[in-house]
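For the protein sequence lines, the chains are G and S, in the order given. Residue numbering for the first sequence follows my numbering, beginning at 311 and increasing consecutively. Residue numbering for the second sequence follows my numbering, beginning at 311 and increasing consecutively.
Don't take each hint at face value.
Identical copies go unnamed one by one, so any copy, or any two together, can satisfy a pair.
[As the list claims (entries may be wrong)] With a straight-line cut-off of 16 Å between C-alpha atoms, the simulated EDC-like cross-links for lysine to aspartate or glutamate are:
#  : residue 1 : residue 2
1  : K700      : E398
2  : K700      : D647
3  : K700      : D645
4  : K442      : D721
5  : K734      : E504
6  : K412      : E388
7  : K560      : D516
8  : K560      : E504
9  : K700      : D689
10 : K412      : E441
11 : K442      : E504
12 : K590      : E367
13 : K412      : D385
The hints are simulated quantities; they were obtained by calculation from the structure and are not laboratory data.
Number of protein chains: 2
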Amino acid sequence: MTQIDSARAGVVTDQMKVVALSEHLSPEHVRQQVACGRIAIPANVNHASLSPVGVGEGLRTKVNVNLGVSADRADFPEERRKVRIALEYGAESIMDLSNCGKTHAFRSWLIERSPAMVGTVPLYDAIGYLEKGLADITADDFLRVVEAHARDGVDFMTIHAGLTRRAVASFMATGRSLNIVSRGGSLVFAWMQETGNENPFYERYDDLLDILHEHDVTISLGDALRPGCVDDATDAAQISELIELGILTKRAWDRGVQVMVEGPGHVPLNQIEANVRLQKRLCHGAPFYVLGPLVTDIAPGYDHITAAIGGAVAAASGADFLCYVTPAEHLRLPDVDDVREGVIATKIAAHAADLAKGVPHAADADARMAAARRVLDWDAMFEVAIDPVKPRAYFESSPPAIEGTCTMCGDMCAVRTVNQALEKLDACSPD
Amino acid sequence: MTQIDSARAGVVTDQMKVVALSEHLSPEHVRQQVACGRIAIPANVNHASLSPVGVGEGLRTKVNVNLGVSADRADFPEERRKVRIALEYGAESIMDLSNCGKTHAFRSWLIERSPAMVGTVPLYDAIGYLEKGLADITADDFLRVVEAHARDGVDFMTIHAGLTRRAVASFMATGRSLNIVSRGGSLVFAWMQETGNENPFYERYDDLLDILHEHDVTISLGDALRPGCVDDATDAAQISELIELGILTKRAWDRGVQVMVEGPGHVPLNQIEANVRLQKRLCHGAPFYVLGPLVTDIAPGYDHITAAIGGAVAAASGADFLCYVTPAEHLRLPDVDDVREGVIATKIAAHAADLAKGVPHAADADARMAAARRVLDWDAMFEVAIDPVKPRAYFESSPPAIEGTCTMCGDMCAVRTVNQALEKLDACSPD
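Construct the complete structure from the given sequences, taking the supplied hints into account.
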């Protein structure tokens with residue numbers, strides 16, 4: 311029984327209890343939301359080390375970290391360092407996008423010790439692992455790789471099943487500035503063009519769902535036609551595929567498979583809320599997992615910031631799960647420092663959204679920070695900070711002359727000035 | 311005649327023509343907006359090196375860089391390096407917040423060579439320069455410093471005139487998590503408590519306006535009661551002062567002085583749009599100049615990112631002018647690297663907002679980036695980037711095996727894959 315099967319049968323699973331506790335909700339509420347698909351709990355039956363989390367409506371916004379080797383940089387020890395950083399800064403999810411070399415060994419290592427949920431894109435691995443020309447890979451080959459990942463204990467998989475012939479026809483008719491920028495999407499498109507066949511993940515969707523169902527793998531419906539520049543945002547190609555994803559969402563639920571739906575991409579600020587509402591409507595309230603959105607195209611080197619802007623607004627508008635973006639986006643495979651910058655920026659966006667959404671207890675940390683600042687208790691400030699390391703290093707690099715202040719304001723510190731003025735007032739008051 | 315005097319007299323000034331040209335608007339439109347106060351063109355008659363810009367409705371969002379020495383770090387050569395970085399990355403405004411040592415010499419140096427508009431907070435300088443105890447400074451002293459700055463050629467000055475006794479009473483009755491965090495605001499508050507007098511900038515507001523009018527200094531009405539934590543956002547204290555600022559806005563316009571109004575502060579995402587609408591209503595459409603807003607309190611070390619999120623949303627909602635925030639905020643006086651990070655993050659926020667607001671030609675740069683990415687022209691990408699240096703360094707640090715790609719995707723580069731597939735299609739087509 312998958313989580314959604316259990317929920318529909320009226321059973322509150324251990325995973326639902328853990329989610330309820332950590333989200334300050336009742337287990338019964340979580341069960342109801344899992345039953346109707348508004349919350350997914352990606353939890354492969356074979357992922358023993360998992361601390362389950364929920365993704366969806368009314369829950370804290372979750373953060374995913376992408377990592378994994380590419381043909382150009384296949385340094386597994388480096389990838390293991392990235393895993394440690396991701397976990398240290400509180401990522402709830404790690405996607406292993408490795409696509410060459412000993413991917414199975416790294417995936418097993420990761421699943422064995424990751425309390426964070428683990429996601430993959432089996433298509434990448436299929437192409438790297440099978441060592442065939444793209445057009446020679448069969449639909450059966452693709453499904454075999456999905457099955458291998460499911461057996462390994464992967465909690466959710468990105469599957470680009472929505473790039474159907476219908477969606478491709480919309481794409482070809484639309485006329486875009488930047489065509490297809492989804493790696494998986496581009497490969498499915500090329501495969502369809504070369505073989506003349508329908509999208510294999512769509513053609514064999516029921517077989518695929520049966521594999522996922524067996525291990526309770528959540529399907530993360532990939533958006534092959536996500537916009538790669540703000541000019542392509544929310545265009546007919548993107549929305550045509552989103553319509554397909556909504557149809558596929560229902561089919562997955564009908565077969566007892568949990569669903570998340572992936573979203574854009576590059577989207578200007580004024581279109582983000584509409585994108586979230588459209589996804590929630592067309593995909594029947596399924597959890598929305600967004601990459602970015604990047605609110606401008608012109609900031610390579612700083613796309614963790616453009617994504618933090620877009621991600622915060624998307625999550626505040628109802629997106630449930632943010633894929634991190636690092637400063638290396640569009641430029642190179644991220645290194646460990648890029649991963650740290652990316653996960654912190656994305657945690658900031660997620661938290662800002664949770665404050666806006668009024669997620670229970672989200673404001674507790676901010677209240678602790680304000681209390682620490684009111685009394686200029688620097689250690690308490692660093693302790694509650696999203697990253698305790700960098701602010702302490704900054705503060706200590708520049709010692710103030712007056713204890714309790716910092717070198718930004720020194721003897722003009724507003725908090726100190728007002729505390730002193732209020733103390734004098736108190737001293738003068740009649741009681 | 312100030313810009314607003316001229317505009318009301320039907321005169322299109324040279325400054326209005328420059329603004330109209332750079333904003334793709336008609337000079338007559340700019341004149342009308344200056345006349346009714348919706349656009350300010352801070353341009354002191356003594357600032358000969360200025361390239362005038364407009365701040366206000368329908369214009370590109372402008373960015374300010376704060377710098378200047380404090381008692382703890384009085385390194386003027388370092389401040390001059392910050393000026394160069396601010397100008398290099400396109401800041402339209404520099405505020406010199408120096409408050410000790412030879413402030414006049416630095417201010418003169420800055421005004422002599424800055425094409426960006428220059429702002430100050432005369433109160434800081436008064437306290438550093440006069441070398442009196444706070445309570446011994448007289449209202450006349452304050453006005454004399456304002457006059458000195460005006461003569462030097464400062465284009466706009468932050469004046470905390472809205473912290474009236476009425477506003478203080480609201481503040482004392484409100485009960486706040488973090489009291490007053492505005493440096494100038496805290497000093498005015500302490501002065502009022504110590505002397506028992508009304509706010510000197512309010513008491514002598516007409517005299518102050520006469521000084522500003524003489525040199526066409528734009529008044530930037532400071533928000534002494536801006537929230538210092540998300541829990542204090544949009545509270546009675548803040549809004550009581552905003553009501554005062556609206557009243558003061560009209561009085562300044564009536565005396566022929568241009569106005570900007572300063573705004574919060576720490577504000578959760580879901581309250582930002584309301585803050586902007588409220589300011590625009592209560593202050594009669596005056597340009598809105600925001601610091602941040604910071605959308606969470608718990609990210610010291612990364613407040614350039616929390617501010618970029620809030621600033622982008624504020625500007626997309628109608629704020630006109632963003633004060634940058636650096637990673638050093640709340641921790642230390644920023645160094646040159648912090649300044650660079652801060653100005654770039656804020657330029658990203660401003661640009662993202664301009665795309666959302668539909669500012670004329672804002673999307674041109676993004677279109678050039680998309681065109682460069684479509685053909686994998688890396689040099690063209692770096693050229694159009696907000697920061698051309700960092701993305702090139704990133705890209706070159708990690709050379710891809712396949713020309714044209716980067717190490718993020720290598721041989722799985724989506725753009726390359728789709729370009730090849732579409733070329734094959736073209737080759738097969740009957741013509």
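> How would you classify K700 and D645 at a CA-CA limit of 16 Å: within, between, both, or neither?
Replying inline: between (18 Å within a copy, 15 Å between copies)
>> With identical chains, the pair K560 and D516 could be close in the same copy or across copies; at 16 Å between alpha carbons, which is it: within, between, both, or neither?
In response: within (12 Å within a copy, 68 Å between copies)
>> When Cα atoms must be at most 16 Å apart, do K412 and E441 count as within-copy, between-copy, both, or neither?
In response: within (13 Å within a copy, 70 Å between copies)
> Taking 16 Å as the upper bound on the Cα-Cα distance, should K700 and D689 be classified as within, between, both, or neither?
Replying inline: within (13 Å within a copy, 33 Å between copies)
> What label fits K734 with E504 when the C-alpha limit is 16 Å: within, between, both, or neither?
Replying inline: Intra 81 Å, inter 9 Å, cutoff 16 Å: inter-copy only.
>> When Cα atoms must be at most 16 Å apart, do K700 and D647 count as within-copy, between-copy, both, or neither?
In response: Both. Shortest intra-copy (12 Å) and inter-copy (14 Å) distances satisfy the 16 Å Cα cut-off.
> Is the C-alpha distance from K442 to E504 at most 16 Å within one copy, between copies, in both cases, or in neither?
Replying inline: Close inside one copy (14 Å), not across copies (82 Å); limit 16 Å.
>> Regarding K442 and D721, is the shortest C-alpha distance of 16 Å or less found within a copy, between copies, in both, or in neither?
In response: between (69 Å within a copy, 14 Å between copies)
> From the Cα coordinates, with 16 Å as the cut-off, is the pair K412 and D385 best called within, between, both, or neither?
Replying inline: within (11 Å within a copy, 54 Å between copies)
>> For K590 and E367, with the copy left unspecified, which applies at a CA distance of at most 16 Å: within, between, both, or neither?
In response: within (10 Å within a copy, 34 Å between copies)
>> My question is about K700 and E398: at a cut-off of 16 Å on alpha-carbon distance, are they close within one copy, between copies, both, or neither?
In response: within (14 Å within a copy, 27 Å between copies)
>> Cα distance capped at 16 Å. Does K560 pair with E504 within a copy, between copies, both, or neither?
In response: neither (30 Å within a copy, 69 Å between copies)
The structure does not agree with numbered hint 8 stated previously, though it agrees with all others.
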